[in-house]
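Respectively, the protein sequence lines represent chains Y and U.
Residue numbering for the first sequence follows the numbering used here, starting at 3 and increasing by one per position.
Residue numbering for the second sequence follows the numbering used here, starting at 43 and increasing by one per position.
Hints were generated in silico from the structure; no laboratory data involved.
In the SDA-like style, the derived pairs of lysine to any residue whose C-alpha atoms are separated by at most 20 Å in a straight line are:
#1 Lys176/Y - Leu156/Y
#2 Lys262/Y - Ala130/U
#3 Lys44/Y - Tyr225/U
#4 Lys262/Y - Leu125/U
#5 Lys149/Y - Glu197/Y
#6 Lys262/Y - Leu133/U
#7 Lys212/Y - Thr238/U
#8 Lys71/Y - Tyr225/U
#9 Lys212/Y - Ala239/U
#10 Lys44/Y - Arg224/U
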Amino acid sequence: MTLPSRSALSKFQASILIVVVLAGAALAIYGYSLSNQAPPPKTRLIVSTTTSLYETGFLDELKSKFEVKYPNMNVSFISQGTGLAIQTAMRGDADMILVHDPAAELKFLQGGYGVNRKIVAYNFFVIVGPSNDPAGIMGKSPSDALKAIRSAGLNGTAIWVSRGDSSGTYSKEKSLWKAIGLDVQQLRTEKWYLEAGSGMTATLKLANEKRGYTLSDTASYLLNLNNHNIDLVKLVTSGKSLLNVYSAIVDNPKNVNMTKANFDGAMQLIRYLVSDDGQQLFADYGTSKYGNPLFGPYIKLVQSKSDPLGNDPDQLIQWIADYAFFEASECPQQFRYQAEGLYSAQAPVTVLSVCLPPTLEQGKTTHWTQSLKA
Amino acid sequence: MDPIIEGIIQAVNLILTGDPEVVSITALSLFVSIFGTLIACVWSIPVAVALALRSFHGKRILKGLFNAMIGVPTVALGLYLYLLLSRAGPLGYFQLLYTPYAIMIGQSVLVTPIIVSFATGALESVDPDLRTLARTLGASDLQTYSVVLGEAFWGVVLAIMAAFNRAFAELGVAMMLGGNIRYLTRVLTTAISLETARGEIALSIALSFILLGVVMSLSVAINLARKSSQ
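Given these sequences and hints, build the entire structure.
Here it is as structure tokens:
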């Protein structure tokens, strides 16, 4: 054996050299990629949101438009299922949420985690399935369709694919089964009922492979249809129970987990979403790519009484109020915080015609009358 | 068209045209994983030296533990670190969650057992006579270790390479700690996951080819360097 010390040392030097070169290369590459973006000091705003909204690409467009208007803002979207998105915000890791699950939203508000809920957009869920439609649900009401799918499923001629996660879509599905007196806990033990346990695209693909039926948001369905990932067809497309309503909620800055949350930034984004610019963004998105819009802008619907998706606007406004309002308001007084002007932008006429929440005090009712006049 | 062929065409296109988003995603992946691996080396190599060349109580248990932790699921590790780094968690003060540094920290923890175990193996395989020889020639502890490390050089490099490959190709930590934010924490694996979820299969395939290309060309480069040095 030879004495290795010289060669050993040179190898050691070589290893240091490699490390330095690699580190230098990484820094150079990363520096180069950063220099393309030329970052001025920006305020960071983290929005946790649902996968179905993010996967449409709408939020990327929202980010770029919003940041052009407010160059000091840097918006980061974290896309998760609605359940996880809300959890993330509850831990204070997001500054606001953009979700579509009214029941979960109410819990978020009542838990003291959120303030200033604003309904921003809507569309409809669709029940999709194979073109030969073995359960014969084409054109039926959502309830009748699900009943038909179940009986066909029990006969072994149809399959249902469920999201089976904590998404808003899954919440909707559970409520649809509940409406016809069926419990998902029981259904999931039955052979024709499959749980994908993953995102909308994965679920649609599974339904496509199994030639099954599933519930999807319009945007995800059109996206996958356009990409030729699926050849399922829309079978049930309207009905009050298929309504899908997107809301934004800001972290409650008084919550102990959320003291570091960027309240001002979140308010800025929420005000942008309900502004004419923001609403137009919803109204236009998807028209060029899919031939028809993916979202209906809610504020515009209330103000101009017109629905780009082609429904009767008055009926639609009432449906949204029935489905997504709490105590007859999109955000009851006790859940508002420094929200000047946010709720007077549109007059909630339909709400006032129903009833005023009993908890309202004298001073607060003036707000309502003002919004009626506005 | 067949998505695989379409993916290959798109991959070539994206690379040749230097699509800025793909370039920045790839650069961020390299940046995060290289530094994550290097940070891990800072503590992993001394630990490996200690495990291989010193004798102390509980050494075998420790070795077994590092071996067992090689296979830790990335999502599980991601979850624990998420709870640590979350604003409501013990390290929330530093506001690291959803930044590239969080991914870097996570990956450095993830690859530590790989470097420790593989490097320990490489160091142990060096002829023990070499140490005795160095000692008899009057080498100090530190000098002896550097002699053994030099002899096991390529074994240690391979350990670091394996660690880098694991960091570069993992998804769970990058997704949970980085949040897959466009232009900020989107790395190759999270981008592939997102584009698959979006149904953009061809783009996913293109991105996966870039990932494979980097991993393979690094391995080839290391092998060439090894051959030429021998």
